[in-house]
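**Q** Line by line, the protein sequences give chains A and B.
Under my numbering, residues 24 to 336 are what the first sequence spells out, in order.
Under my numbering, residues 5 to 247 are what the second sequence spells out, in order.
Hints are computed from structural coordinates only; laboratory data are not their basis.
Just so you know, not all the hints are guaranteed correct.
[What the hints assert, rightly or not] Taking lysine-lysine and the DSS-like style, the derived pairs with C-alpha atoms no more than 30 Å apart in a straight line are: (1) B:Lys109 - B:Lys132; (2) A:Lys162 - B:Lys208; (3) A:Lys275 - B:Lys114; (4) A:Lys162 - B:Lys96; (5) B:Lys96 - B:Lys181; (6) A:Lys162 - B:Lys155; (7) B:Lys109 - B:Lys96.
[Claimed, not checked] Not everything, but these chain B residues come out facing chain A in the computed CB check (under 10 Å): (8) Gln7; (9) Gly34; (10) Ala36; (11) Ser38; (12) Glu47; (13) Val88; (14) Gly123; (15) Glu126; (16) Leu191.
Just so it is clear, CB atoms sit at the ideal spot from N, CA and C, and this is done for glycine as well.
The chain contents come next:
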Amino acid sequence: MNPAFSVILLTTLTGAGQGLFLALFGSELAHALKLSAPMPGHDFYVLGALISLALSGAGLVASFFHLGRPERAWRSAAMWRTSWLSREVIVLPAFMATTALYALSHAMSWPITLATGAIGAALALALFVCTGMIYACLKFLQEWASPLTVINYLVLGCASGLTLASAYAALSAAELMTMMTSLAIALTVLGLATRSASLLRNARLRPRSSLQTAIGVHHPRIAQRSQGLMGGSFNTREFFHHRTLQFLRSVKWTFLLLAFVLPVLLLAAGAMTASPPLLWLAFAVQYVGLLAERWYFFAQANHPQNLYYQTIS
Amino acid sequence: MTQLALVIDLNVCVGCQACVTSCKSWNTSGTAGSLADLNPYDEDPTGTFFNRVQTFEVGSYPNTETVHFPKSCLHCEDPPCVPVCPTGASYKRAEDGIVLVDYDKCIGCKYCSWACPYGVRELDPERKEMTKCTLCVDRIYNEALPERDRKPACVLACPTSARIFGDVHDPDSVASKAIRERGGYQLMPEWGTEPSNHYLPRRKTEMTIRPDEIVRTDNPLKVDGLKPMPDASTPALDDAASW
Ligand code: SF4
Ligand code: SF4
């Protein structure tokens, strides 16, 4: 597939926003359950929820650039019974609204923070599932059609949000920093495991379709002589990344390094020296790594329609 | 239940592109809106087509065969492109099984094109809406057209009659008979999409000549000069041989 920057930004930005929200609510819940977690003041939660809101809002804005007819976007909530995209379109604003309410209830010291937080957390998790299922439900895109796709969206989003929460806590709630950084490290390591699992799975995939089944001619040697176009078409633009295999491979190693290895080192160093700049750097590096990860996620998917365009694939 | 579809005979398709141009001409002039045509006379011409003809060479030289392969929406019985559409713009008609896009509802998110394994949906680069073959839904029921013209434009244009249009659920239709009797098959059956359009495979063409066809007077294989000159009054098989 040809990775679209609007979708890469949408999924990485909202993923970090959801992860941050889960981190905030998690710390509040841990305190409420008397799990020896300290509870910083309301301000920490207000600003944190606003940062999460800003991230998902930015993701929402980015998503509009993916649409050919953004003015009709409101129609996309219609088919929630069958379409995961439609479900995402409903859950994302609901999550943003709940995040806003969470910030407000903390700002006003209303006693509903835990309840709103629980709803927001459920919506954040549901949003991860919707986003992942948009890709995982396309069964003939074999690289995506796996539970690992959903797991990766969930784990990588949480890792990115927790890294952000660590950096944020280091600035404004130092008592939470150790908990956040250890969780961020744990999730980043888990993300390395689940993402590597999907890389290994995809490396061993056998495509179910072939040029033979695509045109129904069962001869081992078929060469394409004409693609039915001269200067390209939607099909040659949308479904090919137009990069070399070498470039693809270097993106893979880049994201493994930037999204997982470096952030873990920076998080550990930041926690040990209690240095906010190092933790913010960890978030920035990991975010860039996740951009590369998402680019690779799209580029690696090999659509069966490419069989009809042998010269480009 | 009716399921309208095309049956495409790869045995007679000569790759002339008549169906491609006829399709584009009808569908770009219709009420549904034009189909883009960018740089038509310059380098890298591109645009939207509902139907494209590709060419494949099968086998290795010199034992090769050329297969011209027309490709358009197959109007799947279980179309994966429909349930994924968030707006309901993509739908399959219950009455005749045609898969259509309601252009006014489409937001151009391209999700349906990702969900079609055959790569036959094209987002129009100017209208920014998803477009695809409609089986000429605006022709086949069009009472303003004479009865014999109420067929898809590609079917009418094909000079070799490689495209058969009909109801594949009616066992007595020409389309169903062709599928049954000439080994009609579906593309990528492995995904369970059940395409309604079928393709007829290529067949071996054998020439049979009887001995009397070689010696008789109107044998076209005879060298001109050696032609026997029968009397003008001698009865012959055709006028040309009687001179
Ligand atoms: S061929 Fe593609 S666009 Fe047409 S009905 Fe089947 S899946 Fe949908
Ligand atoms: S591009 Fe249009 S028809 Fe296709 S899924 Fe999106 S809204 Fe539906």
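**Q** For every hint, state whether the structure bears it out.
**A** Hint check:
For the hint pairing lysine 109 (chain B) with lysine 132 (chain B), the CA-to-CA distance comes to about 12 Å; that is within 30 Å, so the pair holds. For the hint linking lysine 162 (chain A) to lysine 208 (chain B), the alpha-carbon distance of about 37 Å lies beyond 30 Å, and the restraint is violated. Taken as a hint, the lysine 275 (chain A) and lysine 114 (chain B) pair is honoured in the structure, with Cα atoms around 26 Å apart against an allowance of 30 Å. As the CA atoms of lysine 162 (chain A) and lysine 96 (chain B) are separated by approximately 20 Å, the hinted pair is consistent with the 30 Å bound.
A C-alpha spacing of about 24 Å is found between lysine 96 (chain B) and lysine 181 (chain B), which places the hinted pair at or below 30 Å, so the restraint holds. Taking the CA atoms of lysine 162 (chain A) and lysine 155 (chain B), the gap is near 34 Å; set against the 30 Å cutoff, the hint is violated. Pair hint lysine 109 (chain B) plus lysine 96 (chain B) holds up; C-alpha atoms about 15 Å apart against a cutoff of 30 Å. The restraint placing glutamine 7 (chain B) at the interface with chain A is violated, with a minimum CB-CB distance near 19 Å, outside the 10 Å limit.
Violation of the interface hint for glycine 34 (chain B) is found here, the shortest Cβ-Cβ separation to chain A being roughly 19 Å, above the 10 Å cut-off. Against a cut-off of 10 Å between C-beta atoms, the interface hint on alanine 36 (chain B) is violated, since the closest Cβ of chain A lies about 15 Å away. Here the hint on serine 38 (chain B) is broken, as its CB sits about 15 Å from the closest CB of chain A, past 10 Å. A cut of 10 Å between beta carbons decides the hint on glutamate 47 (chain B): the least distance to chain A is about 7 Å, and the hint holds.
Restraint check, valine 88 (chain B) versus chain A: the minimum CB separation of about 5 Å is within 10 Å; hint holds. Hint on glycine 123 (chain B) holds. Least Cβ distance to chain A is approximately 3 Å, under the 10 Å limit. Hint status for glutamate 126 (chain B) relative to chain A: holds, with the closest Cβ pair at about 4 Å, below 10 Å. Hint on leucine 191 (chain B) holds. Least Cβ distance to chain A is approximately 6 Å, under the 10 Å limit.
The structure does not agree with the numbered hints 2, 6, 8, 9, 10 and 11 stated previously, though it agrees with the rest.
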